[in-house]
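> Once you have looked at the hints, place chain H on chain E.
Protein chains in written order, with my numbering: chain E, 689 to 1058; chain H, 689 to 1058.
No lab work stands behind these hints: they were computed from the structure. One or more hints might be untrue.
The list treats identical chains as interchangeable, and a pair is accepted whether it falls inside one copy or across any two copies.
As the list claims (entries may be wrong) - Distance condition first, Cα-Cα at most 30 angstroms in a straight line; then the derived DSSO-like pairs of lysine-lysine: (1) K912 / K825; (2) K690 / K998; (3) K786 / K931; (4) K690 / K1011; (5) K825 / K1054; (6) K912 / K690; (7) K931 / K1030; (8) K960 / K825; (9) K786 / K741; (10) K912 / K741; (11) K798 / K912; (12) K747 / K690; (13) K786 / K912; (14) K690 / K737; (15) K960 / K731; (16) K1011 / K825; (17) K798 / K786; (18) K825 / K737; (19) K931 / K998; (20) K912 / K747; (21) K731 / K931; (22) K741 / K1011; (23) K747 / K825; (24) K1011 / K731.
Nothing here was measured: the structure is a model prediction, and the numbers come from that model.
Protein chains: 2
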Amino acid sequence: MKNLLNNIDEVLLMGPGPSCVPMEVYRALSCSTLGHMDYYFIKIMDEIKNLLKELMRTKNRLTLPVSGTGSAGMETCFVNLIERDDPVLILINGVFGKRMEDIAVRLGAKVDTLEFEWGTPVMTDQVAEKLSGSSYKIVAVVHAETSTGVRNPVDAIGQIVRESGALYLVDTVTSLGGIAVETDGWGVDALYSGTQKCLSCPPGLSPVTFSDRAVQIIRERRVKVPNWYLDMNMVIQYWEGAKRVYHHTAPINMLYGLYQALLLIFDEGVEKVFERHQAAHNRLVAGLEAMGLEMLVSPEYRLPMLNSVKVPDGVDEAAVRSKLRDEHLIEIGAGLGPLVGKIWRIGLMGHTARIGNVDRLLGALKAVLL
Amino acid sequence: MKNLLNNIDEVLLMGPGPSCVPMEVYRALSCSTLGHMDYYFIKIMDEIKNLLKELMRTKNRLTLPVSGTGSAGMETCFVNLIERDDPVLILINGVFGKRMEDIAVRLGAKVDTLEFEWGTPVMTDQVAEKLSGSSYKIVAVVHAETSTGVRNPVDAIGQIVRESGALYLVDTVTSLGGIAVETDGWGVDALYSGTQKCLSCPPGLSPVTFSDRAVQIIRERRVKVPNWYLDMNMVIQYWEGAKRVYHHTAPINMLYGLYQALLLIFDEGVEKVFERHQAAHNRLVAGLEAMGLEMLVSPEYRLPMLNSVKVPDGVDEAAVRSKLRDEHLIEIGAGLGPLVGKIWRIGLMGHTARIGNVDRLLGALKAVLL
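Extracted from the complex, chain E is given alone in its bound form (with noise of 0.2 angstroms):
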């Protein structure tokens, strides 16, 4: 039979993610397959542990991948969180914070939102003025809006939410390993992320981590947990302690490709990464600004790692991303929910952010539009 994998054109991935895989990562990807219960598998696991927790900056012992995509991992600590009629605010300004809400809302949580525009962060203020008075189970907000490219202030809003005593959850999706992640230090209770961003691995895990006061609140729950995949009262058996409890097999092969795009971060320097990261933005907006092209988002409030761009008037956006892909092998995003049509979204996650991939998507973009 034809193989399309044949003929799988290498593309540079500068879009919302995935990103570009390291050699390294794909080597790991095809190594032999273990058992899942085997004893160097577990190793591998508990290394992999050790490693989140450094990248996540927490001292969390419920730390680890969910096997599913960066989806799974926001379905995970909402629905191992919430119980019915829990009330719960979101704070959105993206898709993602409103993925947020539909989640919690199917799990019967009492929902309360407070919306921002598009392209521009939370304001703290207004955080703080909804949580006077008012007492809600969980705070969640979305530390980098793929959506949008916008940065919100999570240390901040970290302050309000302890204070109000809630439970703080926090998506790092894309932000884990592009920008700093402070878990511990911003209070989060529930925090999950995505392989296929700033790490650097195809998509299909998501790391998360669970502060001691949410395993407690998992673990007292009145009802199970009504997902018995994500469960994690269950899955943490599989993951820690002397005697391993098998719950699912666990994707082997993917948790390989995880285990070695955090060794290459380290390997590399977890600043050094952050400053290649920033570095390889502000090349981006100095050159697209220099095209006449102009950022969504104020500087203070952009995402090094994801980067909105105004598509000028006139422009047929979809053509250009068609063209980029087609006749310069590089893929980036177009803009979703009221973005679209309106923006790019240039992304520059992991192994995808260094100048010379800077410098060919800027070159080929002059190619394209002038």
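Relative to chain E, chain H alone:
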């Protein structure tokens, strides 16, 4: 940093899955990652759907791999079909039937069960009796019980379920790709599998299929599916249609692996693959019995790909498994639930199901036991 991946043993995987992975599938896993909205990746998705339909023997439009391991497929089938207080009957003769019960209860169904001794099959006359006069929305059963090695009479059960008007939900995690699965022929409405058994792709994906009748029921639910990640109403919009709608980022490289694994099965010929499983099984049973060992399951209900062998009196079954792993680089499985310590589970799944592997195991077992 020290890299544990450099010292992974090449283990002959003869446990209950994962099975050995062919070189072509390892290579597929490390093909260049494409974006999840890339037109060429969508071509590969379409081929995966076509190949799955052919292997599952179904015309169901809603046929695709869910982004999680086999248990996520189980969760998908139940969470999409069950609404609170729905009457559900689960036929149980092993771990995976019990797991179905756990999932259905968590989702708020009124769960009734019919249990059979582990190691024996579901009895169709008892099913018929149970269904006469009762009215269930769903009747669920496991085709190949991985915990015991029993093949349940899913065809005969299907006839009874169809007459009752209930939806028929079948687990084919361990059977698909090793013995015939006749989705449409058996009148199945929801079916799931896993990649790490007879498909010989690493764990991480769960192929599922839903009949048009099941799709209609999912579309007309009173309340939204209480699981955003696995909501088929949304997932299908990414997997089908002229214009694909982003839901979550698909596990790109795992999907390459599944595609390649399916191509290998069709290149070899589905019937030949089934014969290879049966031949390996026959050789194994003959060899084990020649050594004086005894099978758990009666010949007429034995699965070729999962062989439960009774541990002889006085033998430390865990020590045998350790020696096989450490001295012979072979993994076999332990018993589960009431069969802990009483059986070994020897898998002959997919790429593993070869005479040479059987002979290697038999030789090693002799060395360890005698």
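> Work down the list of hints and note, for each, if the structure agrees.
Taking the hints in turn, this is what the structure says about them:
1. K912 / K825: Classified as both; 18 angstroms inside a copy, 23 angstroms across copies.
2. K690 / K998: So K690 and K998 fail the 30 angstroms test inside a copy (41 angstroms) and across (45 angstroms) alike.
3. K786 / K931: The answer is between: 22 angstroms across copies meets 30 angstroms, while 40 angstroms in one copy does not.
4. K690 / K1011: within (27 angstroms within a copy, 43 angstroms between copies)
5. K825 / K1054: neither (50 angstroms within a copy, 60 angstroms between copies)
6. K912 / K690: neither (47 angstroms within a copy, 40 angstroms between copies)
7. K931 / K1030: between (54 angstroms within a copy, 19 angstroms between copies)
8. K960 / K825: Neither. Shortest intra-copy (37 angstroms) and inter-copy (57 angstroms) distances fail the 30 angstroms Cα cut-off.
9. K786 / K741: Within one copy, since 28 angstroms is at most 30 angstroms while 34 angstroms is not.
10. K912 / K741: For K912 and K741, only the intra-copy Cα distance (27 angstroms) is at most 30 angstroms; the inter-copy one is 35 angstroms.
11. K798 / K912: Classified as both: same-chain Cα gap 19 angstroms, cross-chain 15 angstroms, threshold 30 angstroms.
12. K747 / K690: Between copies only: 22 angstroms across chains, 50 angstroms inside a chain, cut-off 30 angstroms.
13. K786 / K912: For K786 and K912, the Cα distance is within 30 angstroms both inside one copy (26 angstroms) and across copies (16 angstroms).
14. K690 / K737: between (40 angstroms within a copy, 15 angstroms between copies)
15. K960 / K731: within (28 angstroms within a copy, 38 angstroms between copies)
16. K1011 / K825: neither (48 angstroms within a copy, 51 angstroms between copies)
17. K798 / K786: Classified as within: same-chain Cα gap 15 angstroms, cross-chain 32 angstroms, threshold 30 angstroms.
18. K825 / K737: within (27 angstroms within a copy, 42 angstroms between copies)
19. K931 / K998: between (54 angstroms within a copy, 24 angstroms between copies)
20. K912 / K747: Answer is within; shortest intra-copy Cα gap is 26 angstroms, inter-copy 37 angstroms.
21. K731 / K931: The answer is within: 13 angstroms in one copy meets 30 angstroms, while 44 angstroms across copies does not.
22. K741 / K1011: neither (41 angstroms within a copy, 34 angstroms between copies)
23. K747 / K825: within (23 angstroms within a copy, 46 angstroms between copies)
24. K1011 / K731: between (46 angstroms within a copy, 19 angstroms between copies)
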